[in-house]
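Asks: With the hints as a guide, bring both chains together as one complex.
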Amino acid sequence: MTNQLQSAVEDGPSKADVRERRSYLLSFMTGYYLQVTTAVVIVGLSVFVPDFGNRANLQNIATQASFAGLVACGMTLLITAGLFDLSVAGIIAVVGVVTAKVLPATTIGMALLLAIAVGILLGLTNGVVVTKLRIPPFISTFGMLNIYLAVAFIATGGQVIPINSYYFQQLGTATVAGVPLVFIAFFVVAAASYCLLYRTYFGRRLRAIGSSEPAARMAGIPVDRVKILAFGLTGLFTAIAAIGLSALLSSSGGTMAKDMELNAIAITVVGGTALRGGRGTLLGTFTAAIFITVIANALNLLDVSSYVQNIVTGLILIAALIVGSVRKDVVRGAG
Amino acid sequence: MSDKPPVLEAIGISRSYPGVRALRGVDLALHPGEVKALVGENGAGKSTLIRIFGGIEQPSSGIVRLHGTETVLHNAQQSHSAGISIVSQEFRLVPQLTVTENIFLGHEVTRLGLIRPKEAKRRAVELLAELDLELDPSQTVGTLSIGDQQMVEIVRALSRKFDVLIMDEPTAALSGDEVNRLLALVRRLRNRGKAVLYVSHRLDEVFDVSDGIAVFRDGCKVADLPVSQLSEKRLVELMLGREFQPHMSQPVSRRAAADDRPIRLQVKGLTCPRLHEPVSFSARRGEILGLSGPVGCGRTEIMQSVFGMLPSRGEITLDGEPVSNSSPASVISSGIFLLSEDRKSEGILPHLNVLENMVISASQRKRERVAKWVPSPQAETRTYTRLKQDLKIRVDRAQQLIGNLSGGNQQKVLLGRAMLADCGVLLLNEPTRGVDIGAKEEIYHLIKKLARAGVTVLVSTSDTSELVALADRCLVLRAGRVMAELTGADIDEKSILAAALRTKSEEAAS
Numbered sequence: 010m011t012n013q014l015q016s017a018v019e020d021g022p023s024k025a026d027v028r029e030r031r032s033y034l035l036s037f038m039t040g041y042y043l044q045v046t047t048a049v050v051i052v053g054l055s056v057f058v059p060d061f062g063n064r065a066n067l068q069n070i071a072t073q074a075s076f077a078g079l080v081a082c083g084m085t086l087l088i089t090a091g092l093f094d095l096s097v098a099g100i101i102a103v104v105g106v107v108t109a110k111v112l113p114a115t116t117i118g119m120a121l122l123l124a125i126a127v128g129i130l131l132g133l134t135n136g137v138v139v140t141k142l143r144i145p146p147f148i149s150t151f152g153m154l155n156i157y158l159a160v161a162f163i164a165t166g167g168q169v170i171p172i173n174s175y176y177f178q179q180l181g182t183a184t185v186a187g188v189p190l191v192f193i194a195f196f197v198v199a200a201a202s203y204c205l206l207y208r209t210y211f212g213r214r215l216r217a218i219g220s221s222e223p224a225a226r227m228a229g230i231p232v233d234r235v236k237i238l239a240f241g242l243t244g245l246f247t248a249i250a251a252i253g254l255s256a257l258l259s260s261s262g263g264t265m266a267k268d269m270e271l272n273a274i275a276i277t278v279v280g281g282t283a284l285r286g287g288r289g290t291l292l293g294t295f296t297a298a299i300f301i302t303v304i305a306n307a308l309n310l311l312d313v314s315s316y317v318q319n320i321v322t323g324l325i326l327i328a329a330l331i332v333g334s335v336r337k338d339v340v341r342g343a344g
Numbered sequence: 008m009s010d011k012p013p014v015l016e017a018i019g020i021s022r023s024y025p026g027v028r029a030l031r032g033v034d035l036a037l038h039p040g041e042v043k044a045l046v047g048e049n050g051a052g053k054s055t056l057i058r059i060f061g062g063i064e065q066p067s068s069g070i071v072r073l074h075g076t077e078t079v080l081h082n083a084q085q086s087h088s089a090g091i092s093i094v095s096q097e098f099r100l101v102p103q104l105t106v107t108e109n110i111f112l113g114h115e116v117t118r119l120g121l122i123r124p125k126e127a128k129r130r131a132v133e134l135l136a137e138l139d140l141e142l143d144p145s146q147t148v149g150t151l152s153i154g155d156q157q158m159v160e161i162v163r164a165l166s167r168k169f170d171v172l173i174m175d176e177p178t179a180a181l182s183g184d185e186v187n188r189l190l191a192l193v194r195r196l197r198n199r200g201k202a203v204l205y206v207s208h209r210l211d212e213v214f215d216v217s218d219g220i221a222v223f224r225d226g227c228k229v230a231d232l233p234v235s236q237l238s239e240k241r242l243v244e245l246m247l248g249r250e251f252q253p254h255m256s257q258p259v260s261r262r263a264a265a266d267d268r269p270i271r272l273q274v275k276g277l278t279c280p281r282l283h284e285p286v287s288f289s290a291r292r293g294e295i296l297g298l299s300g301p302v303g304c305g306r307t308e309i310m311q312s313v314f315g316m317l318p319s320r321g322e323i324t325l326d327g328e329p330v331s332n333s334s335p336a337s338v339i340s341s342g343i344f345l346l347s348e349d350r351k352s353e354g355i356l357p358h359l360n361v362l363e364n365m366v367i368s369a370s371q372r373k374r375e376r377v378a379k380w381v382p383s384p385q386a387e388t389r390t391y392t393r394l395k396q397d398l399k400i401r402v403d404r405a406q407q408l409i410g411n412l413s414g415g416n417q418q419k420v421l422l423g424r425a426m427l428a429d430c431g432v433l434l435l436n437e438p439t440r441g442v443d444i445g446a447k448e449e450i451y452h453l454i455k456k457l458a459r460a461g462v463t464v465l466v467s468t469s470d471t472s473e474l475v476a477l478a479d480r481c482l483v484l485r486a487g488r489v490m491a492e493l494t495g496a497d498i499d500e501k502s503i504l505a506a507a508l509r510t511k512s513e514e515a516a517s
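These protein sequence lines map, in sequence, to chains A and B.
To convert a position in the first sequence, counted from 1, into our numbering, add 9.
To convert a position in the second sequence, counted from 1, into our numbering, add 7.
If we strip away everything but chain B, and leave its shape as in the complex, we get (with noise of 0.2 Å):
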């Protein structure tokens, strides 16, 4: 295949966000007709260099070039004029449009200006044929399985012409079987002389279906080999660094597995949206139960079910006693409190000042009388001067509006909020993203700290180390389903990235 000229190539690519370097020099180059895997743990620079392809975002420094000329991509127009077409992690489809419309986005198939209906829907069946897909093209997407949207967002990349098709993790919310007829398109895609990057976390299909495998540490391609010269393990390593060390802030004495702190929460036969089986866990007075996997994998919801954002069935008790998730309200009220990992849009209130966001969720348990409907001015400034201490909070004035802070600062007044809500349980997602480096290594001694004190934390998160970090007790789901619970010094990387990506032949097994 190398005999061909690259169709598209990166060279010495970098990129910096204030404080990040995402990227740093990185080649790559793509030939017609090869799968080239590209791997990574999250935060390794995957999703960056894809935006750059992509046109939403421009290198720092370096070049791409399209057959052999150099082009800057400005936007994504560009992009997908210069044949390169993108499934997207996130899907960008509209609920409300049918399949068809939203296949055909932006690119509408057109006589004199006009939409022409049929025409796109006959292509929309062509299109959908590819992958076996039985979808009936006027469907409204809104209310496809999220399996079958992304199968509608592959088929939307596959709309465009392209020469290069660039795929970030299309198989985190698709069944085995769905997983196949996507191999096998891919395959199809190459045979055709078509240039196919593919992102995944699951090791078996990188080894099933790619050429080579180019692995991203830290921003920096550490390797790109044959997949002949490659093995699951070494692979493994290479994504993790052969200097892999546990973690410096790990925890000195985990909590033994034969824990005798009483139970504080238990979830029973939960069931909620993305969840392909029943979930039951539990979690002690004052430890840290991680929730790991990939992006998708079920427990983002798993958390919101338990605090009364999604629709769910099972049991919940807190304490013993039942908790009704109806609303996040009422889940508060019963001592259970949750910061989303959508900070901007789920967690601040960016009209309010950093005082008023950090007492919103105070308890009112204790008030009488004015004070239930006054608060006092004097009594919330000592409340807030105590935890901006506590917490290392860095802000000039309690007036100042909160959308001004760092990320970091953001989530310490966000974590004050949960502690004044008097919780006895806390959830966390992603509960470092896009925070800086210093303030994570505070926040997760915050956590500790707080769970020295007795409070119960649940820590959903894709970023491994920081389960290694924090937690005593880990569970590890991918596709809907818990797929393993490692406990005390179990906890390292390695499990945590073999338990998620296990193959299916061990799944089997098992």
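Isolated chain A, as found in the complex (with noise of 0.2 Å):
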């Protein structure tokens, strides 16, 4: 949420006259612009294109928002931060193989722990490989999607491992009241990260570092173990996504998220989250998910070509780019 909006909500129509009603309720607009157009976008989509609304499509959409959501969660902390992810996929390929791998042998509960820990530690090892080495994240998260990738590949020897335990397919597939596992995860997920960047010191260092670092610094912030910390948070809520995908497709391999790190950005822009530093929206990255993928999910009920939907999913991306711009200009003095 941004300040901006903060400050709107808590200033409320106090004195109920008519003009401070109506700037309310454009700042609200302007403050939930993206909830308000994926609203708009669902219930028309729901009247005019057959098969939308129905449950299982839109069961369907849930669960697909949540893998690149989960990520984006994590990427959202972490541009926020200044910081980038770029290996995330590689991660998920690990973290899918090494629970492929283990589940054979072990416990269903064996074989989660493990996931998250592999997890944890990939994201802390980009952050040591960040903070430490001094390379800048886009270049060494990079490398390290490289490295990972790779690890995943020489354990599977290429090939896609199969899971056959049923409970673990539940994962992915199962549902409560309707609604998916995966998007209840997703959603506590996004509220945890919320809590963690708006209600703990944690979170209002990475603001910090992310609004200006020399600063950060200059106020004591231990800039290094903070973004070690982000990282590895990057890496659980990774985990959790890979967990998710591998239950739902039943198998793991190198190439089960392929481009996951470009989604999760995408994501995390269109849902509002400036690019450079200083201000991110758990809300918006909520919502992005899902609007992202209400319509790439219409463009294939209306067998929308693909390379058409990509093309759709870039104008969004610009547009989102573009209302940031103009929505930036409230802060002031930040570089």
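Please keep in mind that the hints were generated in silico from the structure rather than gathered at the bench.
Cβ coordinates follow ideal geometry from the N, Cα and C atoms, glycine included.
Fair warning: there could be bad hints in the mix.
[As the list claims (entries may be wrong)] Some chain A residues judged to face chain B by a derived CB distance under 7 Å, without partners named: (1) T209; (2) R213; (3) A224; (4) M227; (5) P231; (6) R288.
[Said to hold, decoys possible] Residues from chain B that face chain A, not an exhaustive set, calculated with beta carbons under 8 Å: (7) A336; (8) I339; (9) L345; (10) S347; (11) G354; (12) L356; (13) P382.
[As the list claims (entries may be wrong)] Distance ranges between label pairs, derived from CB positions: (14) B:Q396 / A:V49: 42 to 48 Å; (15) B:Q406 / A:G187: 35 to 41 Å; (16) A:S55 / B:N82: 55 to 61 Å.
Replies: In structure tokens, the structure reads:
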């Protein structure tokens, strides 16, 4: 949530004259433009596109939105701190392969614990490489992506490893009161990330680092430690996505999450998180994950070719950046 | 010289910023073959006039004449093509490029749009020879010493075609020998019929090289006399103003030199970039120690080294305990806090609101369990409200972004941040830069209040009146050396200025 937004919400229409109420509505619309757009699009598609509004399709959308959405929650924390992680597809591959390999030999609980531990470890490794070796995240995490993918390919010999455990598969397909399990996980992670970013010292420090790293350093913030922790959290969220994805696919392999980093960054940017850091919105990320999946799903139902779908995604991304640059003017004095 | 018509004239130039009038109706004429010195305290308006000549700022009123015709300089490019070349105070060099590339940056030696590296290098060698410089033209500028970088900056100004050369404190970072070579060059340029405007704090140079001296004070030109009609003493008086009075907010009782309060901060044999010799000093509990001297004298580097921002050697102790100055975070945890002179990029966190900016460094020592991770909004609001009143911060809402506040209010928020960090030593770099007069007095008041509460405060500033208003004791630096230590009633603008300007002969004698 942006500060502009917070202030709009807190100020509220306390003096309930009409002008103030109108400006409140206006700031609500500008603050929640993505949420309003997504709602309008979903309602419109349900009316006009056959099969869009049925239960199975909506569950499918919720599931599909969750994988990149989970990763995007971590990406939002990183981008808020002025960081990046291009290695997430590699983390998913390694976590997926490890899980698939150990599952026949151990309990599901142990496999899950191991998956989570591996995810966090790989994330922390990224953080150490970025901070201690002082390699810019763009380069270093791209390098780590290749390393992680190579490890996954070597471990599988280039094959896809099947997962036969019925209960494990349920993690990707089960629903609670009609809501897919992975979507619940996505929602919980998004909410937890919001609390982390805006209700804890850690989140405040992340935002401070993204806002001005020299100033944050001068204020005594242990910059490296905070950054490493943020990478570790991204590793954790990515591992959760990896578990859901391999459960849904009933298999794991090196290419299981191709282009995941680009999707996650696109979601984060469309959601309204500033690419230059300092400001992150988890509500935006949550909505954008759904929005982008809804659009892709509708285009599929309408038999639009995948190439045209890419054009649409590209246009949405550019539109989001334009909206973002207009809104950025609110932050004066930000470099 | 005045028989020739002036090449560059400023007539009735005024320049005002919101709330400040930096220049008020200034006239200045430069004739070919004349070296005019421009002197005055910081903030007298010298730099503003130079920026107007450079096309970087436009006068609010008044005109600039070039060779007798009225000219409007909209940007730096126009100023260059009008024949004005400027050596600015801040380096505008690109550290990754070579000496040659930097010299011709923006007006590269080209044929058919392609750079001619050999020709450029040949001309660079020629220009370097003018200053007897033995610099390798293909060396990258980032690897040069500060003094050599300054020389490259000067050569860069010489590489353009010019009738007027303006030098803004060109010798601040130079050694004695380099200064002599520079002054010789200025004389040669004069003999070739160029006009030179020479801005300097060092009065011996000014008397050495210039034909006439223009004195600025508070945005006005108060004198413009041939050098033969001036003495150093008279010049200092002109700079400070006849009606010079001790600062109105001068502390009633300065701490006596013999002080029995315990020593809080002790720095022994500190060496760091820009310092020519190791520096040692100490400051007592509740003492305000001033560091004075012109820009580039090393006082900023001393502060930054103590705070762990620059690599340094030496021994720092706080209340007898050694301080590890490997990073700002570790220095803060030992109880030393610094506020940078660069509030915009090293102070405020622009995306965070006023409250968060204030509490970001709050000491975590006393927090337990949940409170270690999750801030309590109620407690933070209480702290914020209390400090907002104490510091007289004028802001509507705690949720306002700090970037929208005035410089004075931003600085007060940062002072609040420093207070919450629970530190016994406060290092302040230019604490009132970009702060209006009213807020300035309030900030002085606050600093004194902190000192009375036992905090040791180091104030590094180029504003001498600030030290007169604040300091119990004052170290005066020049060119990387401590020139003098003033205490108590000895701290006045005259003696600070005199110590910083001490001529070479005195230096040799002492």
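Asks: All hints, please: hold or fail.
Replies: Structure-based check of all given hints:
With a least beta-carbon distance of about 5 Å to chain B, the hint placing T209 of chain A at the interface is held under the 7 Å criterion. Contact between R213 of chain A and chain B, as hinted, is supported at the beta carbon level, the nearest pair being about 6 Å apart and thus within 7 Å. Annotation: A224 of chain A was flagged as interfacial toward chain B, and the flag holds, the nearest CB pair being 5 Å apart, inside 7 Å. Against a cut-off of 7 Å between C-beta atoms, the interface hint on M227 of chain A holds, since the closest Cβ of chain B lies about 5 Å away.
Because the beta carbon of P231 of chain A sits about 5 Å from the nearest beta carbon in chain B, less than 7 Å, this interface hint is met. Interface restraint check: R288 of chain A against chain B, minimum CB-CB distance 5 Å, threshold 7 Å, status holds. Against a cut-off of 8 Å between C-beta atoms, the interface hint on A336 of chain B holds, since the closest Cβ of chain A lies about 5 Å away. Satisfaction of the interface hint for I339 of chain B is found here, the shortest Cβ-Cβ separation to chain A being roughly 4 Å, below the 8 Å cut-off.
Taking 8 Å as the C-beta cut-off, the interface hint given for L345 of chain B holds, the closest approach to chain A being about 7 Å. Given hint, S347 of chain B at the interface with chain A, holds; its Cβ is 6 Å from that chain's nearest Cβ, closer than 8 Å. Because the smallest distance between the Cβ of G354 of chain B and any Cβ of chain A comes to about 6 Å, under 8 Å, the interface hint for this residue holds. Look at L356 of chain B: its Cβ gets to within about 4 Å of chain A, closer than 8 Å, so that hint holds up.
Of the supplied interface hints, the one on P382 of chain B holds, with its beta-carbon coming within about 6 Å of a beta-carbon of chain A, less than 8 Å. Our hint of 42 to 48 Å for Q396 of chain B and V49 of chain A holds, since their Cβ atoms are close to 47 Å apart. Checked against the given bound of 35 to 41 Å, the beta carbons of Q406 of chain B and G187 of chain A, roughly 39 Å apart, stay inside it. Roughly 57 Å separates the CB atoms of S55 of chain A and N82 of chain B, a value that falls within the hinted 55 to 61 Å.
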